[in-house]
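J.: Letter by letter, the chains look like this.
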Amino acid sequence: MTADPLDDPAGAERPPAVSVHNAQLVYATETLFAGLEFRLESGAITALLGPSGVGKTSLLRLIAGLAQPGEQGRVDCDDRRPIAGRIAYMAQADLLLPWLRVRDNVTAGARLRGETPEQGQAQSLLARVGMAGRGDAMPAMLSGGERQRAALARTLMENRPVVLMDEPFSALDAITRARLQELAVALLRGRTVLLVTHDPLEALRIADRIHVMAGRPATLDRALEIPGRGPRDIASPMLTSLYDDLMGRLSSADVAP
Amino acid sequence: MRLLRPLVIAVGLILLWQGVVWIAQPAPFILPGPGRVAVAWADHHALILANAATTVTEILLGLVIGTGLGATSAMLLAQFRLARLWLLPALVASQAVPVFALAPLLVLWLGYGLASKVAMATLIIYFPVTATLFDGLRRTDPGWLDLAQVMNARPLSVLFRLRLPAALPALASGLRVATAVAPIGAVVGEWVGSGAGLGYLMLHANGRMQIDLLFAALLTLTVIAVALYFAVDAGMRRAIRWQPDTAPGDDPRS
Numbered sequence: 000m001t002a003d004p005l006d007d008p009a010g011a012e013r014p015p016a017v018s019v020h021n022a023q024l025v026y027a028t029e030t031l032f033a034g035l036e037f038r039l040e041s042g043a044i045t046a047l048l049g050p051s052g053v054g055k056t057s058l059l060r061l062i063a064g065l066a067q068p069g070e071q072g073r074v075d076c077d078d079r080r081p082i083a084g085r086i087a088y089m090a091q092a093d094l095l096l097p098w099l100r101v102r103d104n105v106t107a108g109a110r111l112r113g114e115t116p117e118q119g120q121a122q123s124l125l126a127r128v129g130m131a132g133r134g135d136a137m138p139a140m141l142s143g144g145e146r147q148r149a150a151l152a153r154t155l156m157e158n159r160p161v162v163l164m165d166e167p168f169s170a171l172d173a174i175t176r177a178r179l180q181e182l183a184v185a186l187l188r189g190r191t192v193l194l195v196t197h198d199p200l201e202a203l204r205i206a207d208r209i210h211v212m213a214g215r216p217a218t219l220d221r222a223l224e225i226p227g228r229g230p231r232d233i234a235s236p237m238l239t240s241l242y243d244d245l246m247g248r249l250s251s252a253d254v255a256p
Numbered sequence: 000m001r002l003l004r005p006l007v008i009a010v011g012l013i014l015l016w017q018g019v020v021w022i023a024q025p026a027p028f029i030l031p032g033p034g035r036v037a038v039a040w041a042d043h044h045a046l047i048l049a050n051a052a053t054t055v056t057e058i059l060l061g062l063v064i065g066t067g068l069g070a071t072s073a074m075l076l077a078q079f080r081l082a083r084l085w086l087l088p089a090l091v092a093s094q095a096v097p098v099f100a101l102a103p104l105l106v107l108w109l110g111y112g113l114a115s116k117v118a119m120a121t122l123i124i125y126f127p128v129t130a131t132l133f134d135g136l137r138r139t140d141p142g143w144l145d146l147a148q149v150m151n152a153r154p155l156s157v158l159f160r161l162r163l164p165a166a167l168p169a170l171a172s173g174l175r176v177a178t179a180v181a182p183i184g185a186v187v188g189e190w191v192g193s194g195a196g197l198g199y200l201m202l203h204a205n206g207r208m209q210i211d212l213l214f215a216a217l218l219t220l221t222v223i224a225v226a227l228y229f230a231v232d233a234g235m236r237r238a239i240r241w242q243p244d245t246a247p248g249d250d251p252r253s
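In the order they appear, the protein sequences are chains L and W.
5 is the number that numbering that gives the first Met the number 0 gives to position 6 of the first sequence; each next residue is one higher, with no gaps.
84 is the number that numbering that gives the first Met the number 0 gives to position 85 of the second sequence; each next residue is one higher, with no gaps.
No lab work stands behind these hints, which were simulated from the structure alone.
Fair warning: this is a prediction, and the values are worked out from it, not measured in the lab.
Cβ coordinates follow ideal geometry from the N, Cα and C atoms, glycine included.
Keep in mind that a hint or two might mislead.
Computed from the model, here is a short list of chain W residues facing chain L with C-beta under 8 Å [said to hold, decoys possible]:
1) Thr56
2) Ala152
3) Arg237
4) Trp241
5) Pro243
Per the computed footprint, the stretches of chain W lying under chain L, defined by three or more beta-carbons under 8 Å from a beta-carbon of chain L, are [as the list claims (entries may be wrong)]:
6) 135-146
7) 156-164
Covered stretches of chain L (chain W as the covering partner; in silico rule of three or more C-beta atoms under 8 Å from a C-beta of chain W) [to be verified]:
8) 62-70
9) 100-111
Pulled out of the complex, with its shape left as it was, chain W reads as follows (with noise of 0.2 Å):
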């Protein structure tokens, strides 16, 4: 049922796609059936699979470079006052700075390549994994520290045998933000320059009327989205398999 489950809801969507081209019988290069788009994706399987293996590399890359930073930023604010006075209202001013409106810039500034991309991605993963790691770092059992004290504990140990693991279930929510929105910054860095992508891909085929092309492109990318989702997602609940999961809906008495 687990793996069925998120079938039927595929077909159901394609269904109810289906559904509006028969009852609006929009012009194909409006929006084309789901017939349409998978003879698109199997005439040009090739350029959209290359496509999509640069822009899995670039959020890959913007994944883990931006998990890195945010969570060594985080880790700075909770172990230092100084970066918190100094650090944490410039992170918060950074946020401010509409990402979309740095693409340009980093465009011109980085090149056409992966570099921009993969900044792109970094700079929308950071502040989701700082901030809610940085909460988490802030919110350790005061009893745990107690004991940590009177066991005479090495600082570092206490942020990183303590603080750290009790910290991941905060963590696991930065990074599930993260990863929804990962792909947004690089489809978009693609979108403002680029040669490579299936966000390029995208911009190329709307220009040429390839609607077809479009879709096939776009679902291409979300089934990329949505599966690195629940990767993230059974890799952190792995990881914080000792945090009791329940949901409100789950309880039996509700």
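Extracted from the complex, chain L is given alone in its bound form (with noise of 0.2 Å):
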């Protein structure tokens, strides 16, 4: 049996801080980014803010090791040790596949490997996020928070140091999204996660460390570090300041060249 990788987070290992020198979009004639540096710390949860089209998806996907034609960027781990490999990704689609019950999911990652699943830990997991019942279930019967609860054990049983979530939740109704929100700060906790979103709420509410992207080339504003741990209660006259700032360089940032 091995660790339960919720209460040992990557085999008890420092996760480690990640950054991305001289990152570069170029589409056609266009330039989305260029020069860009970014740096998510170790073990802390990284919110990335900005409006849809900024390039955030794209910054996401260099470090995944899944850029795109025109981009370009170094990617450092500050244990020397490469990237590839000690990455886990959740995306805004649940990326379910359909022709495998829910357990099976789970597991995708170790199926894809060609290694053998851990059963007892997919199921664990599921228990975790509140799955327990549902694992002989197919996606096609689960509600949109159900599967990405699924989508989120799955993330989690990759048991990896450093995870990047690309808006996971945006598609949720509010209820659901508070709902998860919270189960991902809890069990993400010790990893180097790197949020994608567009939500100043959902920023908020769960990272320790927002940064604004915005503009045209894109640039990125120092961060903003959020005093204690989230989930946080929006409703703090702490976070409503936070808020209006995070507003402010938002729309600051919207006028700019």
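Join the two chains into one complex using the hints; note that each chain is given alone, in its own frame.
T.: Okay, here's the thing in structure tokens:
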């Protein structure tokens, strides 16, 4: 029996801080960003906040090793080991395979690597995301919230020190989104996490640090450090003032050339 | 109702046939009525069934070999650029040659026995299977492929555990077409040269003006073809139960 990845994130090893140097994305003639520097602190949830189409997802994909043509940049870990193989990825679409039961979707990574799936682990992770009784269901039978819960379990099953999330909750209704945010914060604690989002409230609620990405070519401002740990009560006066600050940054970046 | 409907259709077609016979009063050796054909079937059922067994064997072997070769080709095409560059044009060119024109050659090369008919059926099945599966293999959701890449998936696992299952609905379309045309391949092979099979029996009966026997053999072939189609269709539906099945006509809003 291997250690529970939730009590012992990434095998007791300190998760790496990840830096992106000189990131650049050029479409045909348009430069979306160039010379961008970006850093994910070790063990922190970093939110990348910005309007749609600014290049947030492209930056995430660069870190994930899914760079598109015209995109380049160097991705380093502070422990000097390569980042490949140390990432788990969660997209806006749940990407559940419709021909596999939920249980087998959770272990999809092992299947695709040709390893023997650890069924016990999958079962306990399904329980942790509140899907204990749904392991035998087919994805088509699940609600949107359940599908993202299953996707979260699959992400955790990978047990990688770095987790990249691309607007994973944006298609959900407000209540379901709030529940899943709480769940994600609790279960991802201790990993180096990047959360791409266009929702300032989501960023304030769960991130430790927030970067605003805006403009064309896009720039990143200094990280906004949020005191305390997520999930936070968004009605607190501190978050209200931070929200105003963020909105200010977003809108001032918007008018920049 | 699901079982009743084919029965109603069959009875309707037989009544139509009987109606034509009553009205036009054709000579029995031009168009025999259903009754006469039924008697011919009863009289010759051993002969018909023995020949049907041959034809069914040819069709099934052709289906298995054609599907196997077609699926292998499609996966090679999807996996290797070199195969796409060299094999694809050859494949399309091969389809420009009418299989029916090849039938005499195949009989010459492979003899009067089973082999030439299986080859005919295989040839006719190969292309729809290859084309549809290749198409399906290329249309895997890019999101799944991204996820597989981040998960460090093995290339072969991506093909067999991701691209192939995702392409099954496309393959199902190809297999349905293949199943519908497979009997044509076998029967054309039998017409060109053979000593057994329903095609042979029909040709033989035609030569002796046993038109009622010809019709009995033809109807047997039809029943076999329809049964085979529904068996393959049911099998594919089972295999892709996860695929939402919607027809515009079923939409309550339309």
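J.: Now tell me, hint by hint, if it's right for this structure.
T.: Do the hints match the structure? See the list:
Among the interface hints, the one on threonine 56/W is violated; its C-beta lies about 33 Å from the nearest C-beta in chain L, farther than the 8 Å criterion. The beta carbon of alanine 152/W is positioned within 8 Å of a beta carbon in chain L (closest approach about 3 Å), and the interface hint is therefore held. Hint status for arginine 237/W relative to chain L: violated, with the closest Cβ pair at about 12 Å, above 8 Å. The restraint placing tryptophan 241/W at the interface with chain L holds, with a minimum CB-CB distance near 4 Å, inside the 8 Å limit.
Taking 8 Å as the C-beta cut-off, the interface hint given for proline 243/W holds, the closest approach to chain L being about 7 Å. Look at the segment 135-146 of chain W against chain L: 5 of its residues bring a Cβ nearer than 8 Å to a Cβ of that chain, three or more, so the hint holds. Only when three residues or more bring their CB closer than 8 Å to a CB of chain L does the claim for the segment 156-164 of chain W stand; here the count is 5, and the claim holds. Counting residues of the segment 62-70 of chain L whose CB falls under 8 Å from any CB of chain W gives 3; the rule of at least 3 is met.
With a threshold of 8 Å between beta carbons, the proposed coverage of the segment 100-111 of chain L by chain W holds, since 4 of its residues qualify and at least three are required.
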